[in-house]
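Enquirer: The task is simple: from the sequences and hints, build the whole structure.
Sequence order for the protein chains is A and B. Per my numbering, residue 8 is the first one in the first sequence, and the count goes up by one each step. Per my numbering, residue 4 is the first one in the second sequence, and the count goes up by one each step.
Each hint should be verified, as a subset may be incorrect.
Stated by the list, open to error - Stretch-level coverage of chain B by chain A, calculated; a stretch enters the list once three of its residues show a Cβ under 8 Å from a Cβ in chain A: (1) 49-61; (2) 146-160; (3) 184-191.
Unchecked claim - Covered by chain B, per the in silico footprint, the following chain A stretches (three or more residues, Cβ under 8 Å): (4) 90-104; (5) 130-138.
What the hints assert, rightly or not - The following label-pair restraints were derived from C-beta to C-beta distances: (6) B/K180 <-> A/A63: 35 to 43 Å; (7) A/D89 <-> B/G36: 42 to 50 Å; (8) A/M8 <-> B/K180: 26 to 34 Å; (9) A/C128 <-> B/T139: 36 to 44 Å.
Hints in this document: simulated from the structure, not taken from any laboratory. It should be emphasised that the depicted structure is a prediction, and the values quoted were computed from it without experimental measurement. We put the CB at the ideal spot given by N, CA and C, even for glycine.
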Amino acid sequence: MSVTKKLYLYFPKSETEKPIVYKLVKDFDLVINIFRAKVTPEEEGYLSLDVTGEAADIERALAYLSTLEVSIYAGNKGLHWDQERCAHCGACVVHCPTGALAFADQARRQLGFTEDLCVECHACIPACPFGACTSSF
Amino acid sequence: MSKTYQSINEKIAAGKAVVLTAEEVIDYVERKGVAAAAQEVDVVTTATFGPMCSSGCFLNFGHSKPKMRITEAWINDVQAYCGIAAVDVYLGATQLRHNDPANMYHPGEFRYGGGHVIEDLVAGKKVQLFALSYGTDDYPRREIRTMVGLDDLNQAIMVNPRNCYQNYNVAVNLSDKRIYTYMGILKARMRSMTYCSAGQLSPLLNDPLYQTIGLGTSVWLAGAQGLVYAQGTQHASLVERSENGVPMEGAGTLALSGDMKKMLPDFVRGVSFKGYGVSLALGVGIPIPILNAEILKRTAVRDSEIYATVVDYAEDYPQKTGNTLGRFTYAELRSGEVELLGKKVPVTSMSSYNKALTICELLKAEIQAGRFLLSEPSQPLPAAQGMRGLQCVEPQR
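Expert: Written out as structure tokens, the structure reads:
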């Protein structure tokens, strides 16, 4: 059964010239969806992506990545929604293209963030007057 | 049978008052009928939470040794007004931080300003005071730089000339370019729409003819027990109203004051509008005494019976053309999509219904616990008042 996993990879300077994404596709048969990336030769870099494939293949890919000098973080690093800062006004809702930010509780008009739907477009960041949406990028 | 402020307060003090939120009262009246419900219900709690630009606070720092008559002051680099007594200042919500590039590189970010300083103070953070003076015989000190928190101040009194707008415009952008406004980022060619009201929960929409809310009314101002000290600036009661008396545009406003030392951080929040500026989002709750059946009937108003007017913020609003595009009820707006000029438009809000509802519930609990009594206004709000514009004439020699 095919599964999707959201990853955030951080590359030190030593690894920026390796074709890591190529390996993930070719050797582990994964479908890659890159949300955000910055990889510059001679500098450090990051890659925020979804990988879709057989669970076993994803496991093997993670094992491969761990042999490199790459830091692997599971989940969403590209966009952080701060529940405490959110005032639940909904100003972000029309700016979020995927519905990741939406009213989770319609009766109380309480906002919720569905991390899996987030494509890290960052449209919510300037739209939020309360500074509830931030990014590590 | 009609009730009085005194009889309701006696019931509150005895812990016997029947209190409902502005949301609960809708179903209650539908179930019991207006006449029967008016006998039972004593108080309906209303509330709103949203950006309220005409807000600020008077702060008294106490005297340093030697003394100083402060003539210029910055709190966390945000300038405060010092044209009052020696160590009193007024800090306004929309004041930008020193060296903020504003819209020099459009759209500016406006990350920090007066509203954020007020938020920091209420949240218990220390802020930096930098003050200058020219020095006098009795106040020789000419400069000071120190850290202060809310507890260090003698007084920190919020004084807001205009809060709780009765109703508000719904903003769209008909131009080909995205625009940046106090109603948020408005997408080009009407691909988004923003409203800003708590609708059926909002204080002055539950008392549309100002039958109970007036000068001297006790209010819940971000958790502190404050009051209405005057009509708000731009209070304009002579506007178009629906059959139920509810205005379909801005209309009434309230000037509010309260002690910042008693406020709750959740309801005092600095806001940054990209490309526009900074402000303060505030939570306000107002209890409405159910003196008679008519007052109760008005508090049972629903989102589907309250209209708001759509205005183009690219052209008609800034140029003051007076042109409007249409009207929708808050029920339609809250559905998230409306149809205007033959186009389906996604709708969002700047006002938090969620926080307003929480405030209605907090105020209800305060009243039920006998900690919040109602006060009879000493004067009513003006009921038949229009609004002037500014005539720009040649200066006189």
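Enquirer: None of the hints should be skipped; say for each whether it holds.
Expert: Right, here's what the structure says about each hint:
1. Here's how the region 49-61 of chain B fares: 3 of its residues keep a CB closer than 8 Å to some CB of chain A, so the rule of at least three is met and the hint holds.
2. Counting residues of the region 146-160 of chain B whose CB lies closer than 8 Å to any CB of chain A gives 0, which falls below the minimum of 3, so the coverage claim is violated.
3. With 3 residues having a beta carbon nearer than 8 Å to a beta carbon of chain A, the region 184-191 of chain B meets the requirement of three or more and the stated coverage holds.
4. With 9 residues bearing a CB less than 8 Å from a CB of chain B, the region 90-104 of chain A meets the requirement of three and the coverage assertion stands.
5. For the region 130-138 of chain A, the assignment as covered by chain B holds, since 5 residues bring a beta-carbon within under 8 Å of that chain's beta-carbons and 3 suffice.
6. The hinted range of 35 to 43 Å is not satisfied by B/K180 and A/A63, whose Cβ atoms lie roughly 51 Å apart.
7. With their beta carbons about 46 Å apart, A/D89 and B/G36 fall inside the hinted range of 42 to 50 Å.
8. The hint said 26 to 34 Å for the Cβ distance between A/M8 and B/K180, and at roughly 47 Å that hint is violated.
9. Remark: the range hint 36 to 44 Å for A/C128 to B/T139 is contradicted by a beta-carbon distance near 58 Å.
In the structure shown, a violation is registered for the earlier hints numbered 2, 6, 8, 9, in ascending order.
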